[in-house]
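Residues per chain, in single letters:
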Amino acid sequence: MHAPAASDQQHPDAVRRPRARSLTQLWFVIPYLVVFFAMIVVPLGMGLWLSTTKSDLFGIEGQVGLANYSRLLRDPEFRQAMGNTFYFVLLTVPALTLIGLGLALVLNRPARWAAVLRTVFFASTVLSVTVVTLVWRIVFLPQGGLVAVILRGLGLTPIAFLDNAALAMPAIAITTIWWCIGLPMVLFLAALQQVPHDLYEAAALDKASRWRTLTHVTLPAIRGTAVLVIIIEVILQFQLFGQPQLMTLGGPNNATRPIVLFIYEAGWRQWDLGYAAAGAQVLFALIVMAALSQYFVARKRGA
Amino acid sequence: MSARQALAKLPVALVALGAALMAAPLLWVVALSLKSNEALMADPNAVFDRHFTLANYRAIVGDGQVFGWILNSLIVSLGMTAGVLVLSSLAGYGFARLKFPGRNALFVVVLLGLAVPEQAVIIGRHQMFAWAALHNTYFALIMPGMAAPFGVFLMTQFFRAIPADLDEAALLDGASHFTVFWRVLLPLTIPAQATLGIFTFLSGWNEYWWPLISATRKDMFTLTVGIASQQMNFAQTEGLGFLMAQAVFAGLPILVVYLFFQKYIVQAVAGAAGR
Amino acid sequence: MKRRVWFALLFLLSSCAPHDQRTAVVIQRFFGACEADYGQQTDLAKADGECGIMTTMINRFEAENPDVRVSQNIVFWPGYDQLTAALSSNNPPDLVTMHGSVIADYQARGLLDPLDAGLAAQGIQPSDFTAAARRAVTLGGWTWGLPIDSWTTLWHVNLGLFRKAGLVRDGHPIMPHSPAELLAQARQFKARTGKPYFVQISANEYASFARNFYTLILQQGSQPFASPTRANFNTPQAAAALQVFRDIFTADLTTKNEDYSAAIAGFMAGEGGVVLVGTWMVSDFDAAAAKPGSALSGGYAVVPFPQLFARNVSWADGHNWVMPANPARTAKQRNAAYRFLRFFAAHDYDWSRTGHLPAMRSVIQTPQWQSLPHRAELASLAVTGTPLPKGLRRQFPIETIVGQEAAAAISGAKPISQALADMDRRVNAILNNL
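First to last, the protein sequences are chains A, B and C. Quick note: the first sequence uses this note's numbering, first residue 1, plus one each step. Quick note: the second sequence uses this note's numbering, first residue 304, plus one each step. Quick note: the third sequence uses this note's numbering, first residue 579, plus one each step.
Calculated from the structure, these hints are not laboratory results. Backbone N, C-alpha and C fix where the C-beta goes; we use that ideal spot for every residue, glycine too. Fair warning: there could be bad hints in the mix.
Stated by the list, open to error - Cut-off 20 Å, straight-line C-alpha distance, at most; resulting in silico cross-link-like pairs (EDC-like, lysine to aspartate or glutamate):
1. Lys-869(C) / Asp-470(B)
2. Lys-768(C) / Glu-849(C)
3. Lys-624(C) / Asp-645(C)
4. Lys-624(C) / Asp-928(C)
5. Lys-773(C) / Asp-694(C)
6. Lys-992(C) / Asp-75(A)
7. Lys-910(C) / Asp-694(C)
8. Lys-624(C) / Asp-522(B)
9. Lys-992(C) / Glu-77(A)
10. Lys-910(C) / Glu-642(C)
11. Lys-992(C) / Glu-849(C)
12. Lys-910(C) / Asp-598(C)
Unchecked claim - Okay, the calculated beta carbon distance ranges per label pair:
13. Glu-471(B) / Phe-86(A): 32 to 38 Å
14. Leu-48(A) / Trp-720(C): 57 to 63 Å
15. Trp-485(B) / Val-42(A): 29 to 35 Å
16. Lys-834(C) / Ala-408(B): 55 to 61 Å
17. Ala-769(C) / Ala-306(B): 56 to 62 Å
18. Trp-49(A) / Gly-969(C): 45 to 51 Å
19. Asp-468(B) / Gln-80(A): 52 to 58 Å
20. Ala-327(B) / Leu-90(A): 23 to 29 Å
21. Val-560(B) / Ala-906(C): 39 to 45 Å
22. Gly-990(C) / Leu-317(B): 37 to 43 Å
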């Protein structure tokens, strides 16, 4: 080992073993990649292969090529499930994003009461879907539920939300927003805390109104987070499953059956595993497209 | 106060109202859990009268099985959390700081993994573990959770946020990459670790489908599965109070954990987002 | 983190039990868990309710057979997802509670053991079962399960209100014998009591719609399924079946938008004359009627689904113990499992105290059973209870689809013809892709 000379900028070992270092670096990502490969890539591949077969959980009957896919596209219930899912994503993602942002803007202060309210809004996220649907099924009970009690108190007739084809999905959306608002709120809170103070000072010096500060300083500064929140929520809400399964069984009149419930019913109830696997692949493609399109739209606007 | 001042207070008032609406269903659940099943079956409005009882909670605890389920959930959640923290930190450092062949392509693949729905992989996983005869083990319950790409995504962002001169100084001093990772950068990401840890623990604790079909033996039931199994056919009618008590019982530990760690969460996500 | 790993290992090690010499029988069942109340109970006379009686029976079996240990995997009803998962990962339980309507699915894949030989060795013959129970477990001439009960939808009647409506004769409720009579009596009921005739479960529910639909089709002498692989809903009989309830709905002679809990609570609070729910509610309603001052204190009666058309039949299903196939099962384990089955066959009376109909002929004939509240009126179901064709698979998802479409037709969301067409298409899509 020689003492580094003034002109020696490189690491002493650099010249000796460049390729070895590159390979050693791989070891940082290899453990995760092994698990990723085993738990995501391989099962996904198996699912893809299954989708070209006629099979159930106990064995494969034979190859059918793309027949499952063409059957899916011709299946009115699958098309309705896709429509229901898109509708649900439209109902929840903008609401989750905007309400999350609003809450973060209001609660982004050191006051004690703000901390308490932040906890209240995050508390629902820690519950499991079984608990949440139990609670909200009771809340929506047409006779004795919380909503009915409130409506009666206001002098209105209670509505059977979950039993009404037009209102059931919005009811599930409300339940989901109640359940999931914590994550967007926290992400936005963090982003707001990152905004450099000098930006606000400059705006104050310019005598900018609160509204102008909001729209010209704050919002642009947290654009990255907004895109992140939208992408993550799109990915999450496309996979709606537990709420309609437990609250409405996909009804009434198939109005609340999302794609994942369709897949579950096809695979686990109807024992048509190949068909279910095809549905899962279609869902994957839809999610990728939806999430990626958000990303590209954001990049275009930003540039 | 002037109209302007009142208007300024409006958002806060709205949020406070929102908080009341948020909390109301939870309070409803707690109230129902303190009523007897018979009273609720005969009259759903019994929730408003003054009779309370701890019988439902006694029934849950008196069984004894519930502690076994909590233990299983604990082992699975902690194992998953530990695994995710280790793997995601290492991989995050690798993707953020190191240049190796195929790095960018691999990162994109991992990100695509975020979009993979559980239904697309659950059957494949079930069959893989069945071939390996590994069902009804903690290993089977923990492994799938460790593959979640969210952790790698988060940690990569965090490491990228740290200025590179810290590394370079250490590297110049002769440190290996692992030392830089372990001694220099990792301590700076404790808040991120806390956040990732909490979210991973949460998702492990509340998981239902995978434990349902993998841990079919009763001694391997996790809390979610165990609690569901206790419900008789028409639990909503004949055992409403008990059902609500189960809900409180299952949700309370997580709420406590959250309250304890909440300052880290808010503090920690700072840095990952808002770039 | 290291500490956590050691901690976890310690717990893992400590959970290893000392070696148990007893033969293990692993069962998977639903019916809930009530260890807190019945964990140690072995006195069958003191047990109540499905959960209580099942738990007590298993405790008693273990007490009487000290060389057998029963390991219970209690699952959330109906538990078929876990069963499928367990079977496909080669961890089959020894005995499983299974509905008669589901046996065909597992039997068709060769996943069940036929029980004839084993039951015969324990002295049980298929001729010991009631006709309804025997139909439920017999497929291809073999017996695929030990039936423990039959159950069906019953008409539970609030006698007090019926009396007020002038629909009681000699202490028994007057039941209609045609759809026209049903409408007329329902209108009379509403006119005289001001309340709806039916208390129906219609929210978040499909099973009851499907079951009523099947019953009414069968009563017309028609078959909802032309064969185990072909559904046949585009028939005038199917339309007539839906029309009965549609007319009731449009004439406002039934409660609306009530889910299971609301309907039960509503009936017990005197909301209507008849609630359509299963055999399992008999003891609960009976107990409610015994309470002074309750809305049922004017009297409670229960009858099988009245004959509204040509034939006197009622759709029925039943609970059975089935034995999943397991080549690794030892002779000792098999013997223990069959002793378990014999115990249940011998104590069928105790299980029937839940309100379900006994599966054993001998029990139906005993005065002991007949003196249980209201049972005498239900005895005919042992003969008239009819399941769907035995070879019909996927009955559970089919029931959901049929129920969804029937509900849509009855509530007016779709015209009846459209609902039947959709029902036919969707069910045959499943049956064509078995």
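Quick rundown of the hints versus the structure:
Proposed proximity of Lys-869(C) and Asp-470(B) is contradicted: the alpha carbons are some 79 Å apart, above 20 Å. Using a Cα cut-off of 20 Å, the hinted pair Lys-768(C) and Glu-849(C) holds, with the two alpha carbons roughly 11 Å apart. Our distance criterion of 20 Å between C-alpha atoms is broken by Lys-624(C) and Asp-645(C), whose separation comes to about 25 Å. Between Lys-624(C) and Asp-928(C) the alpha-carbon distance is near 10 Å, which keeps this suggested pair within the 20 Å criterion.
Proximity of Lys-773(C) to Asp-694(C) is assessed by CA-CA distance (about 51 Å); at most 20 Å being required, the pair is judged violated. Distance hint between Lys-992(C) and Asp-75(A) is fulfilled; the C-alpha atoms sit about 19 Å from each other, no more than 20 Å. With a C-alpha separation of about 18 Å, the suggested pair Lys-910(C) and Asp-694(C) falls inside the 20 Å cut-off, and the hint holds. About 29 Å separates the Cα atoms of Lys-624(C) and Asp-522(B), which puts this hinted pair outside 20 Å; it is violated.
At roughly 16 Å between alpha-carbon atoms, Lys-992(C) and Glu-77(A) fall within 20 Å of each other, so this suggested pair holds. A distance of roughly 17 Å separates the Cα atoms of Lys-910(C) and Glu-642(C); the hinted pair therefore holds under the 20 Å criterion. Note on Lys-992(C) and Glu-849(C): the hinted pairing is violated, with a Cα-Cα distance of about 28 Å set against a maximum of 20 Å. For the given pair, Lys-910(C) sits about 15 Å from Asp-598(C) by alpha-carbon distance, which is consistent with the 20 Å threshold.
Checked against the hint of 32 to 38 Å, the pair Glu-471(B) and Phe-86(A) fails, with Cβ atoms roughly 49 Å apart. About 39 Å separates the C-beta atoms of Leu-48(A) and Trp-720(C), a value inconsistent with the hinted range of 57 to 63 Å. For Trp-485(B) and Val-42(A), the Cβ-Cβ distance of about 31 Å falls inside the hinted range of 29 to 35 Å, so the restraint holds. Between Lys-834(C) and Ala-408(B) the CB atoms are about 58 Å apart, so this pair conforms to the stated range of 55 to 61 Å.
Checked against the hint of 56 to 62 Å, the pair Ala-769(C) and Ala-306(B) passes, with Cβ atoms roughly 60 Å apart. A C-beta distance of roughly 31 Å is found between Trp-49(A) and Gly-969(C), which places it outside the suggested range of 45 to 51 Å. Range check, Asp-468(B) to Gln-80(A): Cβ separation about 57 Å, and the 52 to 58 Å hint holds. Between Ala-327(B) and Leu-90(A) the beta carbon distance is about 26 Å. The supplied range of 23 to 29 Å therefore holds.
For the pair Val-560(B) and Ala-906(C), the beta carbons lie near 42 Å from each other, so the given range of 39 to 45 Å is met. The hinted window of 37 to 43 Å between Gly-990(C) and Leu-317(B) holds, with their beta carbons roughly 39 Å apart.
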